[in-house]
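Let the hints inform the model, and build the full structure from the sequences given.
Letter by letter, the chains look like this.
There are 2 protein chains.
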Amino acid sequence: MTYGMIATWRMAYEGVAKMARELAKGGDAGQSIVEAIKMVEDYPYYKSVGFGGLPNEDCQLELDAAYMDGDNFDVGAVAGIQQTKNPIAVAERLSHERFNSFLVGSGATKYAREQGFEQQEMITDRAKRMWELRLEEIQKNNLSPYDGHDTVGMVSLDRRGKMVVGTSSSGLFMKKSGRVGDSPLSGSGFYVDSEIGGATATGLGEDLMKGCLSYETVALMGQGLSPQKAVDQVVYRFNDKLIKRKGKAGAFSLVCLNNRGQWGIATNVEFSFVAATETEKAEIYLARPGKNQTTEIEVATAEWLKAYDLRIKQPLEKLTR
Amino acid sequence: MTYGMIATWRMAYEGVAKMARELAKGGDAGQSIVEAIKMVEDYPYYKSVGFGGLPNEDCQLELDAAYMDGDNFDVGAVAGIQQTKNPIAVAERLSHERFNSFLVGSGATKYAREQGFEQQEMITDRAKRMWELRLEEIQKNNLSPYDGHDTVGMVSLDRRGKMVVGTSSSGLFMKKSGRVGDSPLSGSGFYVDSEIGGATATGLGEDLMKGCLSYETVALMGQGLSPQKAVDQVVYRFNDKLIKRKGKAGAFSLVCLNNRGQWGIATNVEFSFVAATETEKAEIYLARPGKNQTTEIEVATAEWLKAYDLRIKQPLEKLTR
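For the protein sequence lines, the chains are A and B, in the order given.
Using the numbering used here, the first residue of the first sequence is number 1, and each one after it goes up by one.
Using the numbering used here, the first residue of the second sequence is number 1, and each one after it goes up by one.
Hint data in this document are derived by calculation from the structure and do not stem from the laboratory.
Bear in mind the structure is a predicted one, so any value in this text is a computation, not a measurement.
Honestly, I wouldn't trust all of these hints.
What the hints assert, rightly or not - Derived Cβ-Cβ restraints for the label pairs, each shown as a range:
#: 1; chain 1: B; residue 1: Gly224; chain 2: A; residue 2: Leu135; range: 50 to 56 Å
#: 2; chain 1: B; residue 1: Gly247; chain 2: A; residue 2: Lys281; range: 36 to 42 Å
#: 3; chain 1: A; residue 1: Trp304; chain 2: B; residue 2: Gly161; range: 44 to 50 Å
#: 4; chain 1: A; residue 1: Arg160; chain 2: B; residue 2: Pro44; range: 38 to 44 Å
#: 5; chain 1: A; residue 1: Gly26; chain 2: B; residue 2: Lys244; range: 31 to 37 Å
A virtual CB, placed ideally from N, CA and C, is assigned to each residue, including glycine.
Written as structure tokens, this is what we have:
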């Protein structure tokens, strides 16, 4: 059987490229998710996931993560966990618990510590500087404080047909203490059924949970739609529905993969993502909403990649925000 | 237009009966949910919701609640909130926030306090005694500590066609600190769309979030199924799927109501619920799984009601568990 991986945002590239090679050799879907997401969590320049993530309004870093096994529907999740190096690893461990598999706040941190997961200070000097700059900016310009919510979400299919999905996020920059987005919520941030496929989301969690968009994407693939048709239908219809019923829709993007290794992606903003399958090497793509409820997809150019790299690695002393 | 309310468990009766009378006179669906759930939260003998709810493993009472507006999909939720008299009222307030509408742990408690929601000690002597007895029983008989997870969930339809759903729960008795079940999770514990209908769940949250059963019930009603057909299909199919894929399924029960005031209910265990519509007065029913993926429903007898009342009001000094 075939294999594949798809993930949100350019930051997923290194992990997906590495773990797709493992999947090609018969590696496990669950392990590919945990290892690839750990790489994103550990990289200090990715400011919306794990180490180096952006803090909440109290300058505390509260992290969310989830893991779901598409064979047996086991779900493990944490929200508002602190001082823990790899939230995705804690979520994976929790997925094996029959009870108490979703833990939040100090209970989640306590569990991780007691279970021996590596503890560390997760706020970097860079993240703290960005927090200070943002605070000044908000106060000076009377801005809404909330900004940025780039969750890494990944779906994986291994050669045995097992599918797994995982997410990890520091959530909304400047969020209120205890705020939870869609990332740890089954059906909203992620969903997977190995007999169909999986999906995961990034964007404004408060709006994603209004539509359970990951669950709906898997449901439509289950009705026989191709991944691209399923996710186009889910994202653009819900975007329109929200504008009609509420007057506005936040940014959201979904990626999905079916159990034959075919993928799809739809978004209501410009969005980067990564995919790798048996027939397509790991690649960074850019996507944006196209005409008639479709999605335009292109491979990211060398210029785009270079500009991205310069942006995330701006010297600390030159940061303007 | 017509009106209606449906809710999980016998404990919902007083609130539903009262608020159905308000709905008959043109009352608001949102207000009916908040007021009816407050009545359950405030009643000290209901040991799984609000004041008098059963504590976690550390003998702390951590409460979950959610509110969703079916007109605009606004969701507000709290999990692990402490010392707060009415979690449902906090969830309703949060549903009006564009950002930070789901708060957990100390962040949720802080928000409620700052916003002026009534704070009080929520653990009663009775709940503490039950906790002590249960601890002894677990230690003596080497039992799994987890037991009881009776969420009150309600769906309401008002004469203007607005539909709202709400939930409130103290979660699993003896849960780990920070454990979150399905009650505050959109799609799993609840979902509503005023153009279709709403659904809400009770049971083992860890299993309910594996299937997003409330969302799926609303989706099937949206495809034209009657509420009873929709919920029968969702509950019994997912129960079988979980047994096939995981080897077992926890207890779960769902109630639903469509925007014409028709209701449905399905359950894999014996389960009591309450419904009231324009043509049916508020009534307490008992349900159990029937033949061929259907549900048997009967009005609760006077004997059943009397035994229930005696059970929940057992004198404190005579409590055996």
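Hint-by-hint comparison with the structure:
Look at B/Gly224 against A/Leu135: about 52 Å separates their beta carbons, and that is inside 50 to 56 Å. Look at B/Gly247 against A/Lys281: about 39 Å separates their beta carbons, and that is inside 36 to 42 Å. With their beta carbons about 48 Å apart, A/Trp304 and B/Gly161 fall inside the hinted range of 44 to 50 Å. Between A/Arg160 and B/Pro44 the beta carbon distance is about 53 Å. The supplied range of 38 to 44 Å is therefore violated.
Checking the proposed 31 to 37 Å range against A/Gly26 and B/Lys244 shows it is violated: the Cβ atoms sit about 26 Å from each other.
Against the hints set out earlier in the document, violations occur for numbers 4, 5.
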